[in-house]
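Protein sequences appear in the order of chains D and Y. Letter by letter, the first sequence follows residues 1 to 235 of the numbering used here. Letter by letter, the second sequence follows residues 236 to 470 of the numbering used here.
Keep in mind that a hint or two might mislead.
[Unchecked claim] In silico SDA-like links for lysine to any residue, alpha-carbon gap of 25 Å or less:
1. D:Lys212 <-> D:Leu161
2. Y:Lys344 <-> D:Val141
3. D:Lys2 <-> D:Asn103
4. Y:Lys470 <-> D:Ser44
5. Y:Lys336 <-> D:Asn97
6. Y:Lys336 <-> D:Thr186
7. D:Lys168 <-> Y:Pro278
8. Y:Lys403 <-> D:Ser15
If you're looking for bench data, these hints aren't it; they were derived computationally from the structure. Computed from a predicted model, the values in this text were never measured in an experiment.
Number of protein chains: 2
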Amino acid sequence: MKNLIIASTSTVHGSGYLDYIFEELTVLFKDAQTILFIPYARPSGISHNDYTQKAKKALSKIGKKAVGIHTFKNPVQAIKDAQAIFTGGGNTFVLVNQLYKNNLITALKETVTSGTPYLGTSAGSNICGLSLKTTNDMPIVCPPSFNTLGLVPFNINPHYLDPDTNSKHMGETRETRIKEFHNYNTPPVIGLREGSWLHVIGNSIILKGDLKARIFEHNKIPYEVNSGTQLNHIK
Amino acid sequence: MKNLIIASTSTVHGSGYLDYIFEELTVLFKDAQTILFIPYARPSGISHNDYTQKAKKALSKIGKKAVGIHTFKNPVQAIKDAQAIFTGGGNTFVLVNQLYKNNLITALKETVTSGTPYLGTSAGSNICGLSLKTTNDMPIVCPPSFNTLGLVPFNINPHYLDPDTNSKHMGETRETRIKEFHNYNTPPVIGLREGSWLHVIGNSIILKGDLKARIFEHNKIPYEVNSGTQLNHIK
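Taking the hints into account, I'd like the entire structure generated from these sequences.
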């Protein structure tokens, strides 16, 4: 039975890495001593080792060990053998490219679908959707495909930002970008504000955290849902 | 001899479409009665016809006609025959995908290199660089390649935004994103603020407009250049 936390961000303003979500992680990772960390998204270009150190330090606060997937000779086997998996944020294109390069897309999808607990933050959440087409990241590398894990039947937009009505900047708002997405794609998009996450258990998908989420469905006016809402009908 | 204006934006806050740059366009388009408009980037998903109408209306203010490339049976020939070309902004992935689909990359590169005056705004400027890898846009479609026209020997980041030091949002700043680009790519990136443009004539590349631009070179600290600076040494 699937058991995932798909979080908008690793860090909310003013607190430490993963701090806001430790309570949930204690439950998610209750049967795991060691978490397999996937550092491929490399935020700000930091190394796999440095990024894993950061995750290690944070997860030690709830008594868990973390080990980087890059330290395994056979990363496919590392995923299959994992007690739990955490994919950190950074650049989604870099992450997806590396997952394809190491032939991990199928292994990750199958392992998480069959019940290995999974935490994704930011880019690590984007990949839980159908494609990376609603990432906010810069396309700094070209992955072989935009298709991702499809662990939920829609796309994620993490770090969802409401339009800044005071802005004089002429770039598109997030809502405009997602509207453009729906000119070429039909899957729904869930805009997850920082501090929000989806908890997926089996067929249940519940919005958690203090904030509402914004739902974009093809040919519908976008709408808000409250924390606690069951979202498994969105597909 | 190349003759291009590569503009950060079509529109600066508080004025109409292309208004701020009409004086330059009068000179750029002095020998052209009719401008071939490439509406492929479809901002907010508007149709090719509607977008062309918008360009038509604006260019009529300086006595020019505009005609959409989508109205030609043979778009490659339309580019070769054009008196001048304008590629509007919108989504860079959609634009590049359509250029590849219609087999226009080579024709556009050759035609502009051989002297047909060219105006690009936003996405239409991104494609003048080496690749789309420094676009700000959402990857809502997957083009066959990220490589673009290479009319200048670097990449463009249009709508360049300085970090907002008051922001509580945890997404990456533009500078962080470009720094990540340089972990995987060596070409320089020119961050063009709204209201800035590059004027390329032959081998000369001069920054124009009221604002400075920010230059990002591989393994160097980013730096500012003033309007009027010759940038042809950046490669």
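Do the hints match the structure? See the list:
{"no.": "1", "hint": "D:Lys212 <-> D:Leu161", "in the structure": "12 Å, holds"}
{"no.": "2", "hint": "Y:Lys344 <-> D:Val141", "in the structure": "23 Å, holds"}
{"no.": "3", "hint": "D:Lys2 <-> D:Asn103", "in the structure": "21 Å, holds"}
{"no.": "4", "hint": "Y:Lys470 <-> D:Ser44", "in the structure": "23 Å, holds"}
{"no.": "5", "hint": "Y:Lys336 <-> D:Asn97", "in the structure": "24 Å, holds"}
{"no.": "6", "hint": "Y:Lys336 <-> D:Thr186", "in the structure": "21 Å, holds"}
{"no.": "7", "hint": "D:Lys168 <-> Y:Pro278", "in the structure": "18 Å, holds"}
{"no.": "8", "hint": "Y:Lys403 <-> D:Ser15", "in the structure": "11 Å, holds"}
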